[in-house]
Every structure is written in C-alpha cells, then in structure tokens.
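Novice: Chain by chain, the residues:
There are 2 protein chains.
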Amino acid sequence: MNSKTADAASGRNASDSPAGKGERKALAEKLLRWQVPEAGADGKKNGKACSLADFDPGAKPFSSGDKARDKETVDALALELDGLQNLFYADRRYRLLVVLQGTDTSGKDGTLRGVFSRMSPLGVHTAAWKAPNEDERARDYLWRIHRKVPAAGEIMVFNRSHYEDVLVPPVNGWITPAQTAERYQQINDFERMLSENGTVILKFMLHISFKEQGERLQERIDDATKHWKFAMGDLDARRQWKPYQQAYEDLLNATSTPWAPWTVVPADSKTHRNLMIALRVRQALEQLDLRYPPENPALKGLVVQ
Amino acid sequence: MNSKTADAASGRNASDSPAGKGERKALAEKLLRWQVPEAGADGKKNGKACSLADFDPGAKPFSSGDKARDKETVDALALELDGLQNLFYADRRYRLLVVLQGTDTSGKDGTLRGVFSRMSPLGVHTAAWKAPNEDERARDYLWRIHRKVPAAGEIMVFNRSHYEDVLVPPVNGWITPAQTAERYQQINDFERMLSENGTVILKFMLHISFKEQGERLQERIDDATKHWKFAMGDLDARRQWKPYQQAYEDLLNATSTPWAPWTVVPADSKTHRNLMIALRVRQALEQLDLRYPPENPALKGLVVQ
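Protein chains in written order, with our numbering: chain A, 1 to 305; chain B, 1 to 305.
No lab work stands behind these hints: they were computed from the structure.
Check each hint, because a few of them may be wrong.
As the list claims (entries may be wrong) - Computed footprint of chain B on chain A, listed as stretches where at least three residues anywhere in the stretch have a Cβ under 8 Å from a Cβ of chain B:
| id | stretch |
| --- | --- |
| 1 | 140-149 |
| 2 | 273-284 |
Said to hold, decoys possible - Cut-off 20 Å, straight-line C-alpha distance, at most; resulting in silico cross-link-like pairs (SDA-like, lysine to any residue):
| id | chain 1 | residue 1 | chain 2 | residue 2 |
| --- | --- | --- | --- | --- |
| 3 | A | Lys148 | B | Ala151 |
| 4 | A | Lys148 | B | Glu136 |
| 5 | A | Lys148 | B | Asp135 |
| 6 | B | Lys60 | B | Ala26 |
| 7 | A | Lys148 | B | Asn133 |
| 8 | B | Lys211 | B | Gln245 |
| 9 | B | Lys242 | B | Pro177 |
| 10 | A | Lys148 | B | Arg147 |
| 11 | B | Lys211 | B | Lys270 |
| 12 | B | Lys148 | A | Arg147 |
| 13 | A | Lys130 | B | Arg147 |
| 14 | B | Lys67 | B | Gln245 |
| 15 | A | Lys130 | A | Gln240 |
| 16 | B | Lys30 | B | Asp54 |
Said to hold, decoys possible - Cβ-to-Cβ under 8 Å is the rule here; a few derived chain B residues that face chain A:
| id | residue |
| --- | --- |
| 17 | Asp104 |
| 18 | Ala138 |
| 19 | Leu142 |
| 20 | Trp143 |
| 21 | Arg147 |
| 22 | Phe190 |
| 23 | Met193 |
| 24 | Asn197 |
| 25 | Ile201 |
Quick caveat, the model's predicted, so the values are computed rather than measured.
Every residue, glycine too, gets a C-beta built ideally from N, C-alpha and C.
Please model the complete structure; the sequences and the hints are all you need to start from.
Specialist: Listed below in structure tokens is the structure:
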C-alpha cells in the first residue's frame, strides 16, 4: 500500500505535510512543462508557437522506471481521486470538465477506465462525441456540447469534444481557415464563460506516434476480439495523419487559455498516460481547496420525534 | 384586403416593386430610430449612452392614426409573416431567434398571439422562461438558453430570456456590478457565436409606462377572469420599478450589437406594439433574400414505378 492511499484512507491530505508540499511543487513544475503556453490576447503566442514536435509521444517523465510500480501508483491515484471527488460533490461550488482529445487508438477509452473508473458514477459522467446527427447539425456546433456541461459538484469527462469541430472540418476542407479561426475564438469565449460561472476545465491531448498508432490498428485488425473497435474510416484518417497533426498543433496554440489550458500527454505508454493524467486531475482538485459545506445551525440539538 | 395580403397570396413580394422599395426604405429609417445604438468595442457608446427616457412608451410612430385600420394591418402583416416563414423553413439556411423582454404586463404574451399566431406551429416555437429550477441553477445561466436555440429553418420566440439574468440578480443585489458586466460580455459573445453560425437575432424591449402598468395590474386584480395572470410578486417588482428601469437601460446599452440589436417598442398601445414588432420581423426576414432550395437534377425525369 502506497503512502498516498494511506493518507486518503485516514482523511489526511498528503499535500498538507511539508514533505507533501515539496513533492506537489516539484510535480507542478514538471506538469507545467507539458502544458501548452497560453495564447496572447491577440491570438498569437509571445515568442514562438508551440510545436507538437517538441513533445515526444514516447516520453515517460512521470514514470518511476518500473512499470509494475507505476501501475500501482495509478491505482492508488485513482482511489485518491475518488476521495477528492466525494469532497468535490459535497462542496458543490465547482464543476469539473475534462476534455480528452487524440487520434484513433490514442487511448481515450483506456484513460476513462484507468483514471476515472474508481470514482462513484453518481458524481462522474462521460459523454462520447460522434459525428453530429441531423438534430445537432441543424444548430451551432456548441449546442450539443453545452447541453452536456457538468452540473454543480459533477465531473464530466468528454471523450472527444467540440475540438472535433476544428479538426475534421478544416482537414477535409469543409470550412475555411477564417472560419476555423472564428471557431477558435468562439470556443475560447464559450470556455471562458463556463469558467467564469464556476467550471474548472482541463484539456488533454493524448499524443501518440504514427508508428504506435500503426501497431494498435494492426492489433485491432489481427485480433477478432478487437474488431469492434475498428472502422475502415480509421485508415482514411491515418492517411491524413500529417494534416490532422497540423490541425492539432494549430488548435493547441489557439485555444490553450488561462481558464482552459491544454496539457499534451505522451501516450505511447498506456500506463504513463494514465499516471500523468491522474496526477494532473489530482493537482487541479487539490488546488480548489475543497471543503464540506458549513454546518447548519438549525440542526443543532434537533431531536427527531 | 390590404395590398400586402394580395401580394403574399400571389407569391409576389411587395418589396420588389419600385413603390414597395421606397416604402421599405422609409420604414427602415423609421425603425432605426427605435433601435438602441451599438455598443463600441470597449463596451461604451460613441457619444452619449441611450437613455430609456428618450423613448416615449405612449408613442405610436407606425400608426395610421386609426386604430381599426392599424388592427387590420397587423392581421395582414401576420399573414404575410406566415408566407415568409414558409419560405424561411424551406430555405433552411438560417434560424431566427426573437427575444421579447419587458416588465410584467408589458405585453409579451399578447405579442405572441398578435404577431406570431398565424404562422405554422411546425416552424415557430416559443419558450417561456421562469425562475431557473434546481437542474438549471446547477449550471451556468446560458445552459438552459442554449438548449432552446432555433434549429435550421425554425423561428424561436423567447418570452423573457437570458436577459432576466442581468435584471433580477443585479436589482436584488445577488450579483455585483462587475459580475453583471461580465455577463453582458458573455451574452454578447454567446449571441455573436449564434449569429456567426447562422442565427438571426432580434431583441425587443416592450416599453410601458409606470401608469399603464398600474392600470393593467389593477385590471388583473379587479377582473376575476384575469386573476390567473396575477402574482403577488408582481407588486414587489413594481415597487422596484426604478432599479428595474435602470437595469434595462444598462443592459440595452451594453448588449445592443451589430449581430443582435435591441429595438425599444413603445408598448402602452397593444395594437401599435404588435404593428411595430410585425414590421421589424418582416423587415428582417425580407433582408435575408430567402429562396427555395435549388432543384434536384437527380429527380429530373424520374418516374415512380
């Protein structure tokens, strides 16, 4: 049993101890290196733009070097997140929106299972976004998204999201670069509004290599029990790898904001991907200074007859 | 039968004839005088701010001077709007959102009946906004609004709207002036996004005098068949008349934008209120240059076996 798990079980918070504080600070600095710098008010970067090439999909910056030990840590973190989520739910001052984006096979489903499945389904919800249906196409692309934003005390995890609307349409030439830029601004405004009204937003780009995707797709083709995960369209999207990577780079640069930053997650290793996302989510929840609601004085001395 | 009705029946558009064009231009100029000037990019007016005192609630600028004749014109316009709505529905390139705001008894229900009730309910929808329920309060205030925005080819009329969220909370001190200003910006961003994605937005402030409201409330109290329209809370709101008028003035100045302008409608006269709103809606629909979708060549010569 990991020391973090012991802390969670005892109700103490590891970040409260001096050693815990030092550990959290070092972690925060390390996580920040994988966060996409904020876009300036003019939509441009100060200095050079972020390049996806700067992020190695095979890196394992948060690994102990021992895969089995990393897996144990992920399990312990998932339990810790369950404790934090209980408090988050009781507190009800915030909502948490987690966005998972990445190409096919990048591990969005695996993240849901590995990081969020220990939390109570009462307080954690997920929405998987497919191509819009007729009802959704008849409205602006943010309409269906807004319907699914988390309520007070809820955690909502988006498996894909409104960012598909600045990936698929521009890559396929259905909208112009000017329209794509317009959407970046609309998305930033929308997310800022959510944030100003009490929603914490974390966005993760699950970053895998072309080689790793090839192997994972091949596995789905070779293994009959994984055929259900495969669609012929996945190969079309793979043929468009470069334009999709470019579209990702563009959106990361345009929509990483103070109120809804992007974290690029090296995702060739599934264990490391889960480890890093769990650490970032824990950090965000711990920074909220969550608390149980104040006692109700009216209940003091009340005797149920 | 009014010449406009004849035009609608024949499928011709009055605005196509030289006389019609002149009439429309004069109307447009007259309507513009009741439109709240656009807020500058910095959220301030160029020159002086609009004052509600500049708009006389008893004015009848669009009246012929003969009430019976005005009523006939409203009926003819309602029929004309039905024709335009059919075309709007077939065209499907746009959505129309009409916002009706105004204090109690200002005539929001009456406008729905008088102006929009001739259109097919297939293409016209209304949403009446009350105090938010628990599910709605648990999210940002624009969440429930976004769920109800019109789909392609649809006309949606809001009876009250998200503007209640910059009226009731600031007047009652539930949110600070800074938070109210933040909401103005959020609303402008939200409406701009809707507009950029194909929604035409018309906002009407139904402007009645304190005296007229007093008479209408008294009628609801004295006439037992109108008791259902009355709530004790209406009298509380009436006591807050001045702060509410100020809150209206502030929001009109902050949220009249090129993409979603406010029109102040003198509403002490019910007939004139309907007449003016019908004229403004017709103008907006006519400006869209609506057309039936292009013929489908695949259907040419097709014989059903």
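Novice: Assess, step by step, whether the Cα of B:Lys60 is no farther than 20 Å from the Cα of B:Ala26, and give holds or violated.
Specialist: holds (16 Å)
Novice: Hint check: A:Lys130 vs B:Arg147, CA-CA at most 20 Å. Holds or violated?
Specialist: Since the Cα atoms of A:Lys130 and B:Arg147 sit roughly 19 Å apart, the hinted pair holds (cutoff 20 Å).
Novice: Would the stated hint for B:Arg147 survive a check requiring a Cβ distance to chain A of less than 8 Å?
Specialist: holds (6 Å)
Novice: Hint B:Trp143 vs chain A: min CB-CB distance below 8 Å?
Specialist: For B:Trp143, the interface hint holds, since the closest Cβ of chain A sits about 6 Å away, which is under 8 Å.
Novice: With a Cβ-Cβ cutoff of 8 Å, does the stretch 140-149 of chain A contain at least three residues near chain B?
Specialist: holds (count 7)
Novice: So if I understand the rule, the pair passes when the alpha-carbon distance is 20 Å or less; does A:Lys148 with B:Asp135 pass?
Specialist: holds (12 Å)
Novice: Take a quick look at whether B:Lys67 and B:Gln245 sit within 20 Å of each other, Cα to Cα.
Specialist: Violated. B:Lys67 to B:Gln245 sits at ~29 Å, over the 20 Å cutoff.
Novice: Taking beta carbons only, do three or more residues of the stretch 273-284 of chain A come closer than 8 Å to chain B?
Specialist: violated (count 0)
Novice: Compare the distance between the alpha carbons of A:Lys130 and A:Gln240 with 20 Å, and conclude whether the hinted pair is satisfied.
Specialist: holds (19 Å)
Novice: Taking 8 Å as the limit, does the beta-carbon of B:Met193 come near enough to a beta-carbon in chain A?
Specialist: holds (4 Å)
Novice: Tell me if the straight-line CA distance from A:Lys148 to B:Ala151 falls inside 20 Å.
Specialist: holds (18 Å)
Novice: Next item in the hint list is B:Leu142. Is there a CB on chain A closer than 8 Å to its CB?
Specialist: holds (7 Å)
In the structure shown, a violation is registered for the earlier hints numbered 2, 14, 17 and 25, in ascending order.
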